[in-house]
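Single-letter residue listing:
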Amino acid sequence: MSVSVNFYLPGGSWLHRTDPRVKLLFVATTLFLLILFQNLWLMLGALLLLLALHWSAGTPPSKLGFILKTLLPVGLLMMILRTIFYPEGDPILSFWVVEITKIGLAQGTVLALRILTMALAVFAWLYTTSQADLVQSMVRLGLRHEWGLVLALALRYIPTFQGTFTLISEAQQARGLNIQQHTGFKRVRVMMPIFVAMIISSLRDSGQLATALEARGYGKPHVTRTTLVQLHFRRWDYGMTGLLLLLLISFTYLRFRYGFGEQPLALF
Amino acid sequence: MTVQRIALMAVGIAIVAVLVSSIPVPIAATGGFTHPGAIAEIFIALAFGPIVGGVSAAVGAAIADLALGYGSFAPLTFLAHGSLGVIAGLIGWKKGSNAHFLAWIAGGLSLAAVYFLGEATIYGFGFAGAAAELPFNLFQVGLGLLGLLLFQLVRRAFPQIDQLGEAPKFEEL
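If you read the sequences in order, they're chains F and L. Just so we're aligned, residue 1 is where the first sequence starts under our numbering, counting upward by one. Just so we're aligned, residue 269 is where the second sequence starts under our numbering, counting upward by one.
Calculated from the structure, these hints are not laboratory results. Everything numeric in this text was worked out from a predicted model, so none of it was measured. All C-beta atoms in this analysis are idealised placements derived from N, C-alpha and C, irrespective of residue type, glycine included. Take the hints with a grain of salt, since some may be wrong.
[Unchecked claim] Computed cross-link-like contacts, DSSO-like style, restricted to lysine-lysine with a CA-CA straight-line distance of at most 30 Å:
hint, chain 1, residue 1, chain 2, residue 2
1, F, Lys-186, L, Lys-362
2, F, Lys-69, F, Lys-102
3, L, Lys-363, F, Lys-69
[As the list claims (entries may be wrong)] Which chain L residues face chain F? A few, computed with CB under 7 Å, are given here:
hint, residue
4, Pro-294
5, Ile-359
6, Ala-396
7, Gln-420
[What the hints assert, rightly or not] Stretch-level coverage of chain L by chain F, calculated; a stretch enters the list once three of its residues show a Cβ under 8 Å from a Cβ in chain F:
hint, stretch
8, 363–373
9, 378–386
Using the sequences and the accompanying hints, generate a full structural model.
Below you can see the structure in the form of structure tokens.
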């Protein structure tokens with residue numbers, strides 16, 4: 001089983017062209033507001049807006065389906081648990097000890113929508129930003145250059161180690177290691193020889209990597225760093241930043257001053 | 269930061285991400301799946317300390333969450349797995365096997381606690397919802413016990429591991 005860590009879907013939409021730093025601000029703002037509000041209508045509004053955002057960015061439906069398929073089980077579970085364990089107000093349906101109320105159901109739905117919308121916001125950023133831009137934007141926002149390099153190298157090594165794992169696993173199975181017959185703790189115990197070989201191989205890689213970095217003079221003091229990828233903050237990006245900050249401040253003010261979006265069903 | 273440390277952290281993050289995202293471990297009782305990520309996290313924390321351990325666990329597990337589609341949980345995963353790496357590294361790094369055992373327990377409990385509190389309060393699942401996830405998280409860190417074994421085995425086969433995080437020392441002959 002191999003999972004891709006290259007999230008970027010190349011394209012030329014407005015979201016692709018927006019500066020990655022603005023998209024990072026968008027993710028932070030959206031996650032904060034989605035956690036702040038508990039209102040069903042606001043959550044539904046956010047869901048529609050985020051779907052429209054993905055549509056305008058040209059995200060293929062299969063990618064949205066992947067997010068939905070992953071999060072639907074946990075979303076539904078949380079919705080059911082919240083509805084059953086925290087009933088509030090008059091029951092609309094009751095059987096045995098379980099009471100389902102309008103407010104409880106609304107709160108449960110809000111939870112499920114929150115899980116889904118948060119993921120849609122995060123993936124709107126990841127699907128439209130290339131790995132190089134992603135790392136570069138964090139460095140430009142103040143992340144130390146070394147940490148940016150760590151992140152970039154890690155992303156580069158993940159497919160390599162997936163390959164190493166498959167290779168060693170198949171080699172061990174060819175020698176008679178039977179993984180499939182066990183589950184749980186026993187399964188992992190049986191896989192130990194694979195992990196040992198994989199870890200030692202990757203630690204050797206790390207040694208070579210360190211030598212390679214050193215050979216290129218990485219970490220030499222008093223040098224000016226240059227970058228291949230340049231980020232440009234355009235007028236559009238300033239406008240979007242202003243808009244996001246305005247949304248963040250006004251919604252937060254409304255929430256704490258007037259209780260906007262605090263109730264599951266009523267807006268105020 | 270030395271280049272050795274940069275390389276080690278990059279490799280650490282990648283190992284954790286692969287073990288969390290790409291190696292499913294079926295659980296017989298529920299028919300569900302878990303992952304052996306905690307083994308790698310404990311191993312890296314014990315071998316290379318709280319900084320490399322914390323960064324590898326936090327970033328690696330968060331990347332794996334994103335790759336698997338759990339985008340909404342990635343920030344919480346970053347904190348929960350990061351706390352495991354830091355705490356296990358603080359307690360068990362360069363210590364004996366008793367400290368290793370304690371490092372696993374404390375790190376595992378902190379992961380479960382951060383997930384539980386984060387889901388119950390910030391995500392708003394309530395204690396019932398967060399409690400439903402608790403057994404999965406505890407089982408997942410329970411597998412981390414094998415991280416102690418992994419550390420022993422790797423160290424026996426690859427003794428250079430103790431010098432990996434440090435800059436090489438050269439001596440004039």
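Now for the hints, and whether the structure bears them out:
1. F:Lys-186 / L:Lys-362: 28 Å, holds
2. F:Lys-69 / F:Lys-102: Holds, at roughly 26 Å.
3. L:Lys-363 / F:Lys-69: 44 Å, violated
4. Pro-294: Where the cut-off is 7 Å and the nearest Cβ of chain F is about 5 Å from Pro-294 of chain L, the hint holds.
5. Ile-359: With a closest approach of 21 Å, the Ile-359 of chain L hint is violated.
6. Ala-396: At about 4 Å, which falls below the 7 Å cut-off, the nearest Cβ of chain F leaves the hint on Ala-396 of chain L intact, so it holds.
7. Gln-420: 10 Å, violated
8. 363–373: n = 0 at 8 Å, threshold three: violated.
9. 378–386: Coverage by chain F is violated for the stretch 378–386 of chain L (0 residues, Cβ < 8 Å).
In summary, the structure is inconsistent with hints 3, 5, 7, 8, 9 from the numbered list given earlier, while agreeing with the others.
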